[in-house]
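All chains should be modelled from the sequences, with the hints used to inform the complete structure.
So in numbering that gives the first Met the number 0, spot 669 of the sequence shown is number 668, and the numbers just go up one at a time.
Because the hints were derived from the structure by calculation, they are not lab data. A portion of the hints provided could be inaccurate.
[What the hints assert, rightly or not] Here are the in silico distance ranges between beta carbons for each label pair:
(1) P573 - Q415: 44 to 54 angstroms
(2) D468 - I389: 53 to 63 angstroms
(3) A114 - Y582: 45 to 55 angstroms
(4) T682 - E631: 15 to 25 angstroms
[To be verified] Below are the BS3-like pairs computed for lysine-lysine, each with C-alpha atoms no more than 25 angstroms apart in a straight line:
(5) K24 - K383
(6) K218 - K512
(7) K383 - K166
(8) K504 - K24
Heads up, the beta-carbon is just placed ideally off N, CA and C, and yes, glycines get one too.
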Amino acid sequence: MASADPTPKIAGGVSRALHHDSAHKHVSGEAVYVDDMPEPPALLQVYIAYSTQAHARIETLDLSAVAAHPDCVGVYSARDIPGVNDVSPIFGDDPLFADGVVEYYGQPLFAVAAATRARARRAAAAARIEYQPLPAILTVDQALAAQSFVLEPRILVRGDPQGALKKAGRRLKGRLRIGGQEHFYLEGQVALAIPGEDRDMQVYSSTQHPTEMQHLIAKLLGLNDNAVTVDVRRMGGAFGGKETQAAAFGAVAALVAFHTGRPAKVRLDRDDDMHITGKRHDFRADYEVGFEDDGRIVAFDLMLASRCGRSVDLSGAINDRAVFHADNCYYLEHVRIRSYRCKTHTASNTAFRGFGGPQGMMVIEHAIDRVAAELGMDPLEVRKVNLYGIGERNLTPYEMEITDNVLPRLFEELSQSAEYWARREAVREFNASHRWLKKGLALTPVKFGIAFTTTHLNQAGALVHVYGDGSVHLNHGGTEMGQGLFTKVAQVVAEEFAIDYDRVKITATSTGKVPNTSATAASSGSDLNGKAAQAAARTIKQRLIDFAAAHYHTPPDAVRFESNRVHVGERSIPFAELVRQAYLGRVPLSATGFYRTPKIGYDAKTGKGRPFLYFAYGAAVSEVCIDTLTGESRLERVDILHDAGASLNPAIDLGQIEGGFVQGMGWLTSEELYWNADGMLATHAPSTYKIPTSADRPVDFRMKLLTDNPNAEPTIYRSKAVGEPPLMLAISVFRAISDAVAAAGQTGRAPNLDAPATPERILNAIEDLRAHVPADVELRAEAEA
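And the structure:
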């Protein structure tokens, strides 16, 4: 029998598959969200009344009957804002309350405070509002025709795409429409504001960007930023929907608290939340691709047009990222990408997991499948021949060099482990023997850039205290929305001090502890905040090393931290004991840490530069089955191989991969947004908007992390981001459905299938293909059946 390891290992640190710090609280109901906090005395509940017109001039907004209503404690509109009526992230174009004109159905008009939300809603109904309707632009097509844009169009060109198209052996034109997506976070928009002395304001909010909310509330109330403190312990999901748009609800709560001197809470119900807030941008993509007989793409001309809504919000950066990811994993020597940011009279669309990248990738994957169909090749062969890394092809259209390319390896390992070619043959046999059911198979890759494309956001701060008993208090600027960021950063601090993970106390994000933070977004939470926390921990650790060396008359390089102990020369003392000695020796045991991402820089004028520090990669094989009578689709098996570098926490990373994939699958299969002719969102509740359920998860779901592939860049412990990239692995589901539809059509043509691939769209695509099937083929198929 082997002897036990005499050196105890720390119960934590990086690379260990620890559970999410709040997982048990999530499932037991013990996790405290904003709406679970004990309600302070005299709390007011707030209802926000909104426009029922898409575009109109407000002729009358008479709130006198609201103010006189017995349930009303206060009613507040644009005229009651003491500072600036704006809650926009950048351009100053998002009023908290409409003033004179409304520009979408759902735009906030005024807020009512009462003892309960139901009473506030009843009082709001007494308002007298008269509109003068104005022409409304609701769709991308209408906006393009009217040249209606929130920002000037942009164009990126490399090489001579028009000349290369003319010389190409073959050419195809196409159009793909890509739907938007509702965030559908489990916890809706919510904020609690508590007024303090000297006009101070404490706000508890479900927001990804506490600093931005702090700044906007201060501006709205005419205060300095230091008068407002925003705290966030956790969110019940966000996915980008609480990056900018949560600010409005914190601002409404603070405005009511400011005027009444009483605590105020805003909590939207699902219908109001979906009407008021923006979504993932939907896109129209027109393209022309030139290619040769071996499948190699020689030219790509692309037009991307997105529905941005009534204001800019983050549409500039989102559309830029769509442009940056229009190549996905393929070298495009001659390319032109035109980007149109369309202004419509709908809610301002906003950040959503992937931030424009998924929409950009969808088009090139669609084009590749059409090229494969035209040539009679398997789509995987066309993908492989166009991959980055073949020869010297490692420069993106915006001239960032790819130096960490693992795509060929991903393709090889995944196609073998998923038995792609054997299953391709099995799919053919199944389709030949089944008349009404048809299967499809697809392997698609992902290359996703990691960093904020707005350079100044690539910074983070952290605060670490070590107490006299050796326990550690950790605070940083990142927010926890269920993705496990707090757990990962605590593991980093535990690793630095070589102590048990449970000795590190995770605390709520607060603008009162770490100032001027960036949003938790762009998959950069662990990269930025992990590095900042590491810097703070290393500052304290160096002080402890210097103290121990002086105290015990030992060279500093003889001091080592290991398994909850500190080895000082020949001595070994508990970590807590050394901390206690250092405290008595008047050594400071608190430090801040700061990190800014190196190497990045992008020139928007030239369209060239390095907007990302590195790329995260992945690939997925999806197998689907469709019913050609009902249009229903079923995902039967998924194989994923994903690159997380040297994972900080494999359990959390695999959870993110699974969750991101399923969310992407929902976007591309069932989550359909529909606005009626009046500009009202008709799909504004779970009864009409269909997110994936547990029943939609494939029975056979195989996920693996790419091994032996630490990040080439010096990220936190050589890990890679894993928040957003997995969502785009779900493009394989859409391509597999398209493959199945093609089999149903029996023409060899690629179908005209837009996203999401709802049953109606699948049936229409099959009907469109069959309309082009020669009669003798139909008769032969029927006879064989």
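To see whether the hints hold, each was checked on the structure:
Remark: the range hint 44 to 54 angstroms for P573 to Q415 is upheld by a beta-carbon distance near 50 angstroms. At roughly 58 angstroms, the beta carbons of D468 and I389 sit within the given window of 53 to 63 angstroms. Roughly 50 angstroms separates the CB atoms of A114 and Y582, a value that falls within the hinted 45 to 55 angstroms. A beta carbon spacing of about 19 angstroms between T682 and E631 agrees with the range 15 to 25 angstroms that was offered as a hint.
In summary, the hint linking K24 to K383 is not supported, as the alpha carbons are separated by about 45 angstroms, beyond the 25 angstroms threshold. Simply put, K218 and K512 have alpha-carbon atoms about 20 angstroms apart, close enough for the 25 angstroms limit, and the pair holds. Between K383 and K166 the CA atoms are separated by roughly 23 angstroms; this keeps the pair inside 25 angstroms, and the hint holds. Proposed proximity of K504 and K24 is supported: the alpha carbons are some 16 angstroms apart, at most 25 angstroms.
The structure is inconsistent with hint 5 alone, although it conforms to all the rest.
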